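Undergrad: What follows is the residue order along each chain.
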Amino acid sequence: MPNKTFFWFFLPTGLAMILFIGLPIISTGIQSFYAQHDQVVKEVKKCDPFGCTVSIVVDNEETSKIREAKPLGKFNGFGTYTDRNHLAVDEIKKFWNETESFSAFVDQVTNLPFYKALIFTLTYCLFVTPNVLLLGFVIALSLNAVARKIRGPLIFGTILPMIVTPLVGSLVLFWMIDSQGIIGANIQNLMNDPYLSLKSSKTLTWITIIIYGIWHHSPFAFVVFYAALQTVPQEPIEAAIIDGASRFQRIKHIVLPHIYPVVTFVALISLMDNFRVFEPIIGFSAEGSAQSLSWLIYDNLVNEEVILFGSAAATSMMTIIGIAILLAPVLIRTWKEFKTAR
Amino acid sequence: MDYGLDTKSTRLKTFNTIFIITWLLIACFPFIWTFWGSFKVRADFFSRSDWWYAISAFNTLIETGGQFTTNAYTQAWTEGEFWKASKNTIIVTVFVVSISLFLGTLGAYALSRSTEKYAFWILMAALIFRAMPHITLVSGYLFPFFELQIWGILPTTIVVLVAINQPFTLWLLYSFFKTVPKELDESALIDGCSYFQAFRHIIMPVMWPGVITAGLFSLMLAYNDFTVTALLLNQENHTMVPKIQSYLGTNQHEGNLMWAVSAVVSATAPLFMLVMFFQRQVISGLTAGAVKG
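Order-wise, the sequence lines are chains B and R.
Going by the working numbering, the first residue of the first sequence is number 1, and it counts up by one from there.
Going by the working numbering, the first residue of the second sequence is number 1, and it counts up by one from there.
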């Protein structure tokens with residue numbers, strides 16, 4: 001296809017992506033160097049028969065004037081990145097000097113909002129992704145063994161958790177697991193502990209959200225693995241059976257190597273999706289004990305007094321860097337393949 | 001696997017059946033339970049005293065005189081203005097699907113027929129864009145949108161959702177276009193068609209399965225979106241998913257929580273029916289990127 005034709009065909013979609021994905025990233029980058037204005041204060045002298053007092057009040061008129069003149073806020077350089085709510089450089093230095101043991105230091109650091117969210121996000125990715133791959137593969141193998149006639153409805157039932165939006169999916173589970181729901185109430189009875197509930201324990205909340213993640217993402221892995229299983233050639237498997245290979249050996253030495261490229265694809269997609277975990281935290285109302293990077297950004301953006309554009313943008317930029325680190329190995333590999341293919 | 005040589009022991013078969021039944025229970029029961037509970041009153045579905053009330057409908061009988069009640073639905077749809085939210089969802093979904101498909105088919109066709117190096121780099125850029133968490137993009141939108149005073153209205157959200165959806169649509173349609181033989185449009189070009197005519201009259205007619213799949217995924221994205229719609233739309237224009245979240249509220253007073261339950265069922269049912277109908281296309285779409293290329 002000539003370049004000119006390509007250009008006209010690609011222009012609309014290219015424009016959409018540049019305007020609404022490319023530019024926003026740049027806009028986020030710029031915003032992250034600005035912080036909202038401080039409130040302008042003025043001294044007010046109040047005199048009464050007992051003498052004069054000077055009090056400091058917020059000058060609303062002046063504050064809104066400055067906000068209007070410079071809506072982006074004041075230039076802050078890397079100030080937002082290093083403040084307490086983000087990388088917290090000063091705090092970490094302080095903790096390092098003050099705390100006696102290393103574990104106390106780690107304890108202090110993991111209580112800072114950004115590191116807390118980072119640790120939750122990474123824990124979530126670390127537990128959900130491998131389990132999704134495993135469960136998806138087992139379901140695919142298992143469904144592949146049932147009679148062809150009843151597979152359709154079974155597949156439909158299997159993919160339900162995936163097609164609902166995460167907010168709805170987590171709500172549906174939360175209503176069952178909550179202390180007033182069917183599962184929560186029964187667990188309370190079983191453990192004989194009327195105060196046992198999701199909100200009472202941080203560990204329980206984390207486990208619940210991770211289980212939700214596995215429940216929500218496994219169907220995707222299943223669908224892809226199931227389709228890949230249909231393409232596994234029969235002859236090597238028959239040969240292996242004649243040679244006396246066990247079922248497990250057949251899966252390990254023939255099926256898995258055949259679908260290996262698909263496994264990396266699923267791992268990559270599910271890692272990307274898990275890194276942006278956010279809606280389940282709202283669905284499970286777990287803000288108290290589990291916060292992710294995306295949730296931090298959301299929280300800044302729905303802030304009631306002033307929207308914290310700068311703070312949200314700084315967290316966004318660091319999230320993007322995190323994504324870049326996750327994607328780097330894949331991109332490098334693709335580039336190498338592309339170079340050798342030429 | 002159905003090979004003649006492969007004999008399965010009864011024990012393995014039983015184990016397999018038990019596993020599948022367990023998994024299906026885990027996957028489907030939450031939805032069935034929510035559907036069942038949406039016809040009860042709050043004191044039953046969220047029972048403080050006894051979870052069995054949700055089945056025996058103890059309080060529902062006292063409050064409404066029947067085993068089942070549709071109060072939650074009627075209230076959410078009228079008082080809760082869920083009708084408005086669903087109207088907005090329909091508008092957003094229809095426009096997002098049609099615009100995404102229009103832009104996506106043109107772009108993906110060009111990518112699949114180009115032999116230049118930049119086509120590869122564009123696909124890689126699309127992959128990176130696909131990985132961007134939506135919330136980071138939203139934090140980029142909010143400020144300029146406030147300044148331009150286009151925040152809160154449906155058209156802005158539609159354009160944003162179309163753009164966010166493009167990388168995936170491009171990849172999906174690209175892999176479908178690759179399966180259409182080049183000779184088909186080349187012969188049309190020799191016969192004197194322009195590229196656009198070849199695309200319009202030769203390629204599109206054989207591309208319907210791919211277009212339907214891509215359309216379904218755009219639909220699911222627009223219909224299910226929470227991040228963009230919750231932050232870019234004002235209260236008045238909220239679509240279904242942010243509306244459900246607003247029912248949850250901070251102080252869960254009587255009634256509203258059941259609104260959320262009935263709203264969840266109302267929002268999920270059409271989606272399930274759609275997927276039941278188009279199951280084959282959904283699965284082919286999910287596997288297109290993985291298996292073919």
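These are computed hints drawn from the structure, not numbers from a lab.
All figures in this text were calculated on a predicted structure; none of them were measured in a lab.
Please note that the accuracy of each hint is not assured.
[To be verified] In silico DSSO-like links for lysine-lysine, alpha-carbon gap of 27 Å or less:
id	chain 1	residue 1	chain 2	residue 2
1	B	K149	R	K8
2	R	K13	B	K4
3	R	K8	B	K252
4	B	K336	R	K13
5	R	K8	B	K4
6	B	K70	B	K94
7	B	K65	B	K46
8	R	K13	B	K252
9	B	K70	B	K46
10	R	K8	B	K339
11	B	K70	B	K42
12	B	K74	B	K46
13	R	K8	B	K336
14	R	K13	B	K149
15	R	K178	B	K4
16	B	K42	B	K93
17	R	K13	R	K117
18	B	K339	R	K13
19	B	K116	B	K93
20	B	K116	B	K252
21	B	K339	R	K178
22	R	K117	R	K178
23	B	K4	B	K339
[Stated by the list, open to error] Here are some of the chain B residues that sit facing chain R, going by a computed Cβ distance under 7 Å:
id	residue
24	T13
25	D59
26	T63
27	F75
28	G157
29	I211
30	T319
31	I320
32	I321
[To be verified] Example chain B residues on the side facing chain R (calculated, C-beta under 10 Å, incomplete):
id	residue
33	I26
34	F33
35	N76
36	G77
37	G79
38	P166
39	N189
40	V306
Beta carbons are placed, not taken as given, at the ideal position from N, Cα and C, and that holds for glycine.
Undergrad: Each of the hints needs a verdict: does it hold here or not?
TA: A quick look at each hint next to the structure:
no. : hint            : in the structure
1   : B:K149 / R:K8   : holds (19 Å)
2   : R:K13 / B:K4    : violated (60 Å)
3   : R:K8 / B:K252   : holds (18 Å)
4   : B:K336 / R:K13  : violated (45 Å)
5   : R:K8 / B:K4     : violated (60 Å)
6   : B:K70 / B:K94   : violated (34 Å)
7   : B:K65 / B:K46   : holds (25 Å)
8   : R:K13 / B:K252  : holds (20 Å)
9   : B:K70 / B:K46   : violated (32 Å)
10  : R:K8 / B:K339   : violated (47 Å)
11  : B:K70 / B:K42   : holds (20 Å)
12  : B:K74 / B:K46   : violated (32 Å)
13  : R:K8 / B:K336   : violated (44 Å)
14  : R:K13 / B:K149  : holds (16 Å)
15  : R:K178 / B:K4   : holds (21 Å)
16  : B:K42 / B:K93   : violated (35 Å)
17  : R:K13 / R:K117  : violated (51 Å)
18  : B:K339 / R:K13  : violated (48 Å)
19  : B:K116 / B:K93  : holds (17 Å)
20  : B:K116 / B:K252 : violated (39 Å)
21  : B:K339 / R:K178 : holds (21 Å)
22  : R:K117 / R:K178 : holds (16 Å)
23  : B:K4 / B:K339   : holds (26 Å)
24  : T13             : holds (4 Å)
25  : D59             : violated (23 Å)
26  : T63             : violated (17 Å)
27  : F75             : violated (15 Å)
28  : G157            : holds (5 Å)
29  : I211            : violated (10 Å)
30  : T319            : holds (5 Å)
31  : I320            : holds (6 Å)
32  : I321            : violated (11 Å)
33  : I26             : holds (8 Å)
34  : F33             : violated (13 Å)
35  : N76             : violated (15 Å)
36  : G77             : violated (18 Å)
37  : G79             : violated (18 Å)
38  : P166            : holds (7 Å)
39  : N189            : holds (9 Å)
40  : V306            : violated (12 Å)
Checked against the numbered hints listed earlier, the structure breaks hints 2, 4, 5, 6, 9, 10, 12, 13, 16, 17, 18, 20, 25, 26, 27, 29, 32, 34, 35, 36, 37 and 40; every other hint is satisfied.
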